[in-house]
Amino acid sequence: MKIVAICGAGIGSSGILKVNAERVLKKLDIEADVTAVHLDSLEMARDAQVILTSAEFVEAIGKTFADVIVIENFFDTDELTTKLQASLGS
Amino acid sequence: MPLPELTGDSVEIGAVVADWRAAVRLAGLALVRSGAARPQYGDEMVRMIEEHGPYVVIAPGLALAHARPGPAVLADGLAIVTLAEPVTFGHPYNDPVRVVLGLAIKSTDTHLAAVAELANVFNDSNAIEALAQATTVAEVQAIMSGGSE
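Read top to bottom, the protein sequences are chains L and D. With my numbering, letter number 4 in the first sequence gets 4, and the count goes up by one each step, no holes. With my numbering, letter number 90 in the second sequence gets 90, and the count goes up by one each step, no holes.
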């Protein structure tokens, strides 16, 4: 399973998404590779199953086979858990 | 890398600002005072938001301002500016903002440990409100070290 967290710089916000997503996935006992990338390296997200991002980047990400999940509060692991579970069907 | 140390230079409490740009520039100035960034870094952080939108408002009341690693960054650094009156960034969910973090990162390879520390602090949903209410640098330092206890 490949998950990509996307933000404008590839540091900071996408890094926080990566760290918290890994924590949530571990609790859910789901094995996944989570990468933080910035918008200019979108090709890294091409084979991802799930893209985690904020509302601002949905348009820039455009058409993709991945499930694009918009996170509102990057520090709310409950929100991440609910949305990841819904996407992964676990 | 652990979370960059917060000093009196890198914390500003109860700042009065006209708008989000001024708030982000204050975080830039704090990074300059603490030796983490050159003066243009504040404008680079503002430009990131102008270019990509207010996505840096990553939680209710909190903005994590940053630009990419580059010549404007001298060392890894973190700054905290709390606002006397909140400002809006135009974010769909998380406005208004009362606490602005400024983050300077020398290399993307090493920053995840520091970001994990930030997650440790702010995964406690009370931390943002506690920072907004803090009146001394020592209080801010205590809140920010909460994640590593």
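Hints in this document: simulated from the structure, not taken from any laboratory. Owing to the predicted nature of the structure, the values given are computational and were not obtained by experimental measurement. Note that CB positions come from ideal geometry on N, CA and C, so glycine has one too. Accuracy of the hints is not assured; some may be wrong.
To be verified - Computed footprint of chain L on chain D, listed as stretches where at least three residues anywhere in the stretch have a Cβ under 8 Å from a Cβ of chain L:
(1) 49–59
(2) 131–140
Stated by the list, open to error - In silico SDA-like links for lysine to any residue, alpha-carbon gap of 25 Å or less:
(3) L:Lys83 to D:Gly90
(4) L:Lys27 to D:Gly90
(5) L:Lys83 to D:Glu117
(6) L:Lys27 to L:Leu39
Evaluated hints:
no., hint, result
1, 49–59, "holds (count 8)"
2, 131–140, "violated (count 0)"
3, L:Lys83 to D:Gly90, "holds (24 Å)"
4, L:Lys27 to D:Gly90, "violated (34 Å)"
5, L:Lys83 to D:Glu117, "holds (23 Å)"
6, L:Lys27 to L:Leu39, "violated (28 Å)"
Checked against the numbered hints above, the structure violates hints 2, 4 and 6; every other hint is satisfied.
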